[in-house]
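So the chains spell out like this:
Protein chains: 2
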Amino acid sequence: MNSRLKFLFLNLFLFFTFLGKAQEKITIGDKQFLFSKVLNEKRELWIHLPKTYHDTGISPAKYPVVYLLDAEINFEYYAAMTDFLSKPPYAEIPECIVIGIKNTERTRDLTPTKSQKKSPVNPDVVLFADSGGSENFARFIQEELKPFINKTYRTQDYSILAGHSFGGLFAVNVLLTHPEYFNAYVANDPSLWWDNGVLISKTKDYLEKNKKFPSHNFLYISQADNEEQNKNWNSDMTQAIEEFKRIVENNGTLNYQHRFFENEVHGTVSFPGNYDALKFIFKGFRTDIKKLSGHPKLLEEEYKRFSEKAGADFSPSETYLNVILKFMKSNGFRASEQYFNALKEKLYPKK
Amino acid sequence: MNSRLKFLFLNLFLFFTFLGKAQEKITIGDKQFLFSKVLNEKRELWIHLPKTYHDTGISPAKYPVVYLLDAEINFEYYAAMTDFLSKPPYAEIPECIVIGIKNTERTRDLTPTKSQKKSPVNPDVVLFADSGGSENFARFIQEELKPFINKTYRTQDYSILAGHSFGGLFAVNVLLTHPEYFNAYVANDPSLWWDNGVLISKTKDYLEKNKKFPSHNFLYISQADNEEQNKNWNSDMTQAIEEFKRIVENNGTLNYQHRFFENEVHGTVSFPGNYDALKFIFKGFRTDIKKLSGHPKLLEEEYKRFSEKAGADFSPSETYLNVILKFMKSNGFRASEQYFNALKEKLYPKK
Numbered sequence: 001m002n003s004r005l006k007f008l009f010l011n012l013f014l015f016f017t018f019l020g021k022a023q024e025k026i027t028i029g030d031k032q033f034l035f036s037k038v039l040n041e042k043r044e045l046w047i048h049l050p051k052t053y054h055d056t057g058i059s060p061a062k063y064p065v066v067y068l069l070d071a072e073i074n075f076e077y078y079a080a081m082t083d084f085l086s087k088p089p090y091a092e093i094p095e096c097i098v099i100g101i102k103n104t105e106r107t108r109d110l111t112p113t114k115s116q117k118k119s120p121v122n123p124d125v126v127l128f129a130d131s132g133g134s135e136n137f138a139r140f141i142q143e144e145l146k147p148f149i150n151k152t153y154r155t156q157d158y159s160i161l162a163g164h165s166f167g168g169l170f171a172v173n174v175l176l177t178h179p180e181y182f183n184a185y186v187a188n189d190p191s192l193w194w195d196n197g198v199l200i201s202k203t204k205d206y207l208e209k210n211k212k213f214p215s216h217n218f219l220y221i222s223q224a225d226n227e228e229q230n231k232n233w234n235s236d237m238t239q240a241i242e243e244f245k246r247i248v249e250n251n252g253t254l255n256y257q258h259r260f261f262e263n264e265v266h267g268t269v270s271f272p273g274n275y276d277a278l279k280f281i282f283k284g285f286r287t288d289i290k291k292l293s294g295h296p297k298l299l300e301e302e303y304k305r306f307s308e309k310a311g312a313d314f315s316p317s318e319t320y321l322n323v324i325l326k327f328m329k330s331n332g333f334r335a336s337e338q339y340f341n342a343l344k345e346k347l348y349p350k351k
Numbered sequence: 001m002n003s004r005l006k007f008l009f010l011n012l013f014l015f016f017t018f019l020g021k022a023q024e025k026i027t028i029g030d031k032q033f034l035f036s037k038v039l040n041e042k043r044e045l046w047i048h049l050p051k052t053y054h055d056t057g058i059s060p061a062k063y064p065v066v067y068l069l070d071a072e073i074n075f076e077y078y079a080a081m082t083d084f085l086s087k088p089p090y091a092e093i094p095e096c097i098v099i100g101i102k103n104t105e106r107t108r109d110l111t112p113t114k115s116q117k118k119s120p121v122n123p124d125v126v127l128f129a130d131s132g133g134s135e136n137f138a139r140f141i142q143e144e145l146k147p148f149i150n151k152t153y154r155t156q157d158y159s160i161l162a163g164h165s166f167g168g169l170f171a172v173n174v175l176l177t178h179p180e181y182f183n184a185y186v187a188n189d190p191s192l193w194w195d196n197g198v199l200i201s202k203t204k205d206y207l208e209k210n211k212k213f214p215s216h217n218f219l220y221i222s223q224a225d226n227e228e229q230n231k232n233w234n235s236d237m238t239q240a241i242e243e244f245k246r247i248v249e250n251n252g253t254l255n256y257q258h259r260f261f262e263n264e265v266h267g268t269v270s271f272p273g274n275y276d277a278l279k280f281i282f283k284g285f286r287t288d289i290k291k292l293s294g295h296p297k298l299l300e301e302e303y304k305r306f307s308e309k310a311g312a313d314f315s316p317s318e319t320y321l322n323v324i325l326k327f328m329k330s331n332g333f334r335a336s337e338q339y340f341n342a343l344k345e346k347l348y349p350k351k
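Chain order of the listed sequences is A and B.
In terms of our numbering, the first sequence opens at residue 1 and continues consecutively.
In terms of our numbering, the second sequence opens at residue 1 and continues consecutively.
The shape of chain A in the complex, shown without the other chains (with noise of 0.2 Å):
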């Protein structure tokens, strides 16, 4: 043999080796890149699919989508926290496209205004030089982003936006100037005191025009436990929250949650927040399977009910339903088991 094709055999040889191995990886999620006009730069995504998205076995369906910024910090476990909370039979949330958005230069992105501030801990270090890009940022999710997501995946006609810090300071800005972006907006221990509470002197006058918030829209807000921000930096960052949510509560017309996390830091707190956002979020979508035996019917009417409250159209998953029919089946629930084959027959017919 040749050196030649020595060496492409041993090329051969190390494309089934990497075969065997790159088959043994759990993966959460693919890379994807995209060139944004508007920012002028190239942005690095990071997509998690939901488990039954290429199973071949049910209709090909379509799913809600969060937007998560932060990627690189929260993607991971964001991710496979979705696919845990949407396994049937306990599925609190529908599965979901997460499209998580990695930084670049991440202050200018998600910040609303121009403003520099002293350093707390040196103040001869001046923080935040460049920032007041939100807009842009906003646009570009927008505009390109998710044109982008909704022609290259299967995505329902429903989305979330979750922050945090800055990041929740930018989901309750894009809230406050385009509401009709996202359903539903997170916003884990935001920087809402952000150039002398910017944002807070917006949402008085947002109220004060308006009178009161789109009726379909959700806002969840997280914040971190208040004796360790006295020991923080930002010590006027439990202020600011704290005077948003007067503002929000006394309104009245917002679905909002607010929920205070004792034994979290501002670095923790996006964790159960995050989760608590999504059961908040999804309240009244999961349904009981064990009464769906005697009383087959109250899954559509669960789903109706959710789904008036969400301002969206949910139904039953096929995923779901294969889960209920076995149920019924293994149990002997020989009724309930036709009128969910009628249902799914309806739903998603054989072509």
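Mixed in with the good hints there might be a few duds.
Stated by the list, open to error - Not the full set, but computed from the structure, chain A residues with beta-carbon under 7 Å of chain B: (1) 81; (2) 90; (3) 271.
Please keep in mind that the hints were generated in silico from the structure rather than gathered at the bench.
Here the structure is a predicted model, which means the values were calculated and not measured.
C-beta: ideal position from N, C-alpha, C; glycine also.
Could you slot chain B onto chain A? The hints should help.
What follows is chain B alone, placed relative to chain A:
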């Protein structure tokens, strides 16, 4: 080019294409297989190594190990959760290796006694025909799996066993029969009702004989929503967990935390339970980087205190020391920077 050469080139092309695509995956672990002589079967393991495991910029580090049952349900969020919780500067826990154990015969492996039970949904159905193999499964973990993991990976002599439902029953049983196998035990909504509460009797027997629990063991128990449980198949689950709680808390010698989760059902409680358990087990591990600027010795004092509590040696990781050094440098704390440079040199001497 002859056709054989063409074939080889095609394969080469595929090889590089595949390589390119493989790099774009976001992976959370690897699958491995281990043949168990004790169980006489091949077992599938899902293995997560911490982010710094292959970091060549630091000295090779050792990590605590979590042995996680029901890998297929819990592995992905659990692995991502340990990464999130161990990220400096807010690290609540050390970085961990997570070993997820996939099921083969779940009931056989996780239950301590042979027991059959009629389905509460349909009494014609008999459940759990194959049960009572947990002593074998514990031997597999202790005598085969742990030696394999300790030989294959850089492990610290500190391990946690975490399980849910039958897995929680298993964890409590290992604590009672072989407390030295693990440092800490996590039982999420454990099936302590099993076989007419056989583990309740075993707990009483254990305490009659030994008077107290080993001083360095930790046990965390989560419990799902009571009201939901009343609607559930196993309303005796609640009673058994509460009786166990009473016995353990009356004895008062175990590092024990019990938490009832108001808004969780049996199927979801593991997620917040596992998070809360890690925060309980590693309470006192986190140090406040801002406090260290004025009081650098605090770091060693706090690690010493934590190690005593945990009954195992924990030192500040080189990764954390690098984060501290960066913080001191960028904020101009020269004296502290010097102190931590010396500490790093002491703990991780350059060869």
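Against the structure, the hints come out as follows:
The beta carbon of residue 81 of chain A is positioned within 7 Å of a beta carbon in chain B (closest approach about 5 Å), and the interface hint is therefore held. Interface restraint check: residue 90 of chain A against chain B, minimum CB-CB distance 3 Å, threshold 7 Å, status holds. Hint status for residue 271 of chain A relative to chain B: holds, with the closest Cβ pair at about 6 Å, below 7 Å.
The structure is consistent with each of the numbered hints, conforming to all of them.
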